[in-house]
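Guided by the hints, dock chain B onto chain A, whose structure is given.
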Amino acid sequence: MTLAAISMHDFLDAFRFIGSNWNLLLDKAAQQLELAGAALGLAIVLVLPLGLVLGHLRRGSTLAIAASIAGRALPVLVLIAALLTVFGIGFVNNMIALAVLASGPILTNSYEGVARVEPRVVDAARASGMTGAGVLRQIELPLAIPLLATGVRIAAVTVVATAPIAAIAGGGGLGDIIVNQAGYGFDGVLGASLCAMALSLIAYGLLSALERAVTPVGLRRLAELEKGNRRQEAVSVTAIT
Amino acid sequence: MIVAAGAPAGPIVPNFGSGNRCVVENHTFCWSWVNAHWGDTLQPALSQHVELSAIAIGIGFVIAFTTGLLTYRRRWMSRPLEGFSALLYTIPSLALFQILVPFTGITTTTVEVALVAYTLVMLFPNIVAGLNSVPADALDVARAMGFTRRQTLLSVELPLALPTIVAGLRVAVVSTVSLATIAAFLLPKGLGYPIFLALKEPSPFRTEIYAAGALTVALALVADLLLVALRRFLVPWARRGAV
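Protein chains in written order, with my numbering: chain A, 1 to 241; chain B, 1 to 243.
Just so you know, these hints were derived from the structure itself, not from any lab.
One or more of the hints may lead you astray.
Simulated coverage check for chain B against chain A, where a stretch passes if three residues somewhere in it have a Cβ under 8 Å from a Cβ of chain A [said to hold, decoys possible]:
1) 170-183
2) 198-209
Derived, one-sided and incomplete: chain B residues facing chain A with beta-carbon distance under 8 Å [said to hold, decoys possible]:
3) L87
4) I99
5) T216
6) L221
Not close to chain A: a few residues of chain B, all C-beta gaps over 12 Å, as computed [as the list claims (entries may be wrong)]:
7) P44
8) S47
9) A54
10) L69
11) P80
12) A144
13) L154
Computed from a prediction, not measured in an experiment: that's the story for all the values here.
In this text, a Cβ means the ideal position worked out from N, Cα and C, and glycines have one as well.
In isolation and in its complexed conformation, chain A is listed as follows (with noise of 0.2 Å):
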C-alpha cells in the first residue's frame, strides 16, 4: 500500500470519529475555551494595568524585555509540571500556568505601547494642563491600542494553542482526547487533533478581525503608513508585532 492511501485512510476514520463524536469534542471545545479564557482574564487582569503603568513612568522596561523573554524560554510543560506540585491537579494549576505563558506579550505589549507614545504628544497634554493619570487615559491609553490589541491577540492564541497540553494535567479540553490513545484509538487521537487545529485557526482568525476593530481608524491608517516607510527600521526581539 502507498504511503498516500494510509494517511487518507487515516484522515478518513478521524473525519469518522468527528462525526460520531461531534457533541464530546464540543464539550472538550468549551472546556479548552473556558480554560483558555480564565486564563487570558487572570494575565489582562493582573499584567496589563502594571504594563500601562510602567509605560507611563517609562520605568521597567528590563522587566517588559525579561517578560517577552521568558515568555518564550519558559516551556510550558515545565510550568504545568512544576506548578502542579505546588496546587495540584485540576483547573487552578493550569490556568495559573496558562496565564503566566500570557502574561508575556501582554506586558511587553502594553509597556511598549505606552512607552513608545510620542513624547511631544505627551509634553503637549502636561503643558495643557493635564494630570498623569488624565495623560494616561485620556492620551497614551488610545495611542497605545494598537500594540495592547497585538499583545492580547498573540496572548490569546498561544493559551489556546498551549491549552491541550493541560490535558496531562487534569485541565480537560481537546487535550484529554489526544493524550489518550488508549481510550479513544488513534482515529480519536488524530480527529481531537484536527478540532484543536480548528480551533486554533479560527481563534487567530476572530482574534485578528476582533483587533482591527478596536484599533481607532485613524491609527489604523497610519500603520499602514508606517508599514510603507518600514524600510530603514531595524526590528528587534522586543517589539512584538
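Chain B alone, transformed into the frame defined by chain A:
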C-alpha cells in the same frame, strides 16, 4: 500516541518508591536521585534535546534563509509566506505532531518536521526584514563602486542584515528548545520525557520535574548566550545591549 510502542528503550523509569527516604517520601528536591540518575535519565535526555533542537534549527534556518533570499526582491511573495508561517505557528504543537503521524509515523522525522515548521515563523520574517532594512544609500554606493549583485549581497546586504537575522535566530532557538519538550508526548525523547514520566506517577515526582525543567531552561539560556556571543563576534559594530 503517548509512549511509542516498540520504540527504542527510553530513559529508565525513575526508581520512585524504592529509593532512599527523600525519594520515597517525594521531598521537594533530592540531590541523591539526581546523582544516581544523571547518567541513565537526565544526561541522555539532555543530549537528545540538544540534538532535536539543533537539527530543527539547522534545517529551519537553511529553508528560511533560501526562501528569504529568493523573496527578498519580490515583496509580493514575502507577505503571503509570512502569513502562511504565522498560520502554521498557530497550530497547537500537540496536535501538529499527531496530524503528521499518518505521513511520517511515530518517528523523530515527525518531531523534526513540526519543529522546523515552527522555526520558520521566527526566522523567515526577520531574514526578509533584515535584508529590507539595508539603507538605500548603502546599495547606491555599492552600485556606484561597481559591485556586482553577488558582491553587494555578500559584502553589503548580508552583513547589514546580520543583527536582525541573529535576533530572529535567538527567538527561534529559545522557542525550539522550549517546544521540543512536547516531543515527549510522541517519542520517549528529550527533556520533556522525564517530566512526562514524573507526571504519570500517582503523586508527581518533584525532583525529576524540577531537575529536567531546570535543565531545559538552562539549555535555552546557554544557547541564547552563545548566540549573543556569536553576534558580538560577527557584528562587532552593533550597538551593545541591543536586544
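- prompt: Which of the listed hints are broken here?
  reply: Checked against the structure, no hint fails, so every one of them is satisfied.
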